[in-house]
Amino acid sequence: KAGVTQTPRYLIKTRGQQVTLSCSPISGHRSVSWYQQTPGQGLQFLFEYFSETQRNKGNFPGRFSGRQFSNSRSEMNVSTLELGDSALYLCASSLGITGREQYFGPGTRLTVT
Amino acid sequence: AQKVTQAQTEISVVEKEDVTLDCVYETRDTTYYLFWYKQPPSGELVFLIRRNSFDEQNEISGRYSWNFQKSTSSFNFTITASQVVDSAVYFCALSEGAAGNKLTFGGGTRVLVKP
Chain A
1 KAGVTQTPRY LIKTRGQQVT LSCSPISGHR SVSWYQQTPG QGLQFLFEYF SETQRNKGNF
61 PGRFSGRQFS NSRSEMNVST LELGDSALYL CASSLGITGR EQYFGPGTRL TVT
Chain B
1001 AQKVTQAQTE ISVVEKEDVT LDCVYETRDT TYYLFWYKQP PSGELVFLIR RNSFDEQNEI
1061 SGRYSWNFQK STSSFNFTIT ASQVVDSAVY FCALSEGAAG NKLTFGGGTR VLVKP
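Protein chains in written order, with my numbering: chain A, 1 to 113; chain B, 1001 to 1115.
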């Protein structure tokens, strides 16, 4: 089976712009979660989707949003980018709805200038 | 609220030495799941092991083993006979039963295995 794929792999944006990141889960996985990784804050949970519904949301401002499509693919959007949004954004997919191992994609490296 | 602490920020060993990574967690849930992930320089998080709160049996899987002790809220991980390819950052993570698949990660421990 193909693993979790994320596009694009690298992105450079300017403050104030918006960005959309995409994630395709492992075939058959219906749960998709997003995480932000920065040197200062480490790995932080953004949100989780299951069957097109957001099940969980982390402590991030409303500028961060996401959605999931009927084929389980997911997108996350960050509006009005700030310098602090520069990070590695990781997507993970899981077979179950709780407590199952999650498989991560290679991430999208976002740089905000 | 849930919390995961990895007190060791960096460990350096010589190849073939054993490496033990410490992990202490906090949760109010009686049902929870513990994980170890590895992040090599490429950046992708790789799943290693998973344990649920009802199973304290410690196991060995190849060169990996873990020690889960609910009494001390610890979930330590050992790499036996380390190899250079084990060099990576290792993360301990917690998922509470009521929180879906949300993972709370520790700060990570960087392991450097020297030849």
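By construction, these hints were calculated from the structure, which means they are not laboratory data. Hints are not guaranteed to be accurate.
[Said to hold, decoys possible] Partial list, computed: chain A residues near chain B (C-beta under 7 Å):
| hint | residue |
| --- | --- |
| 1 | Y10 |
| 2 | Q41 |
| 3 | L43 |
| 4 | E48 |
| 5 | R55 |
| 6 | N56 |
| 7 | F60 |
| 8 | E101 |
[Unchecked claim] The list that follows gives simulated cross-link-like pairs (lysine-lysine, DSSO-like), each with its CA atoms no further than 27 Å apart:
| hint | chain 1 | residue 1 | chain 2 | residue 2 |
| --- | --- | --- | --- | --- |
| 9 | B | K1003 | A | K57 |
| 10 | B | K1038 | B | K1016 |
| 11 | A | K13 | A | K57 |
| 12 | B | K1003 | B | K1114 |
| 13 | B | K1016 | A | K57 |
| 14 | B | K1038 | B | K1003 |
Glycine is no exception: its CB is placed at the ideal position from the N, C-alpha and C atoms.
Each hint tested on the structure:
| no. | hint | result |
| --- | --- | --- |
| 1 | Y10 | 11 Å, violated |
| 2 | Q41 | 10 Å, violated |
| 3 | L43 | 4 Å, holds |
| 4 | E48 | 5 Å, holds |
| 5 | R55 | 5 Å, holds |
| 6 | N56 | 5 Å, holds |
| 7 | F60 | 13 Å, violated |
| 8 | E101 | 5 Å, holds |
| 9 | B/K1003 <-> A/K57 | 17 Å, holds |
| 10 | B/K1038 <-> B/K1016 | 19 Å, holds |
| 11 | A/K13 <-> A/K57 | 24 Å, holds |
| 12 | B/K1003 <-> B/K1114 | 31 Å, violated |
| 13 | B/K1016 <-> A/K57 | 42 Å, violated |
| 14 | B/K1038 <-> B/K1003 | 19 Å, holds |
Comparing the model with each earlier hint shows violations of hints 1, 2, 7, 12, 13; every other hint is respected.
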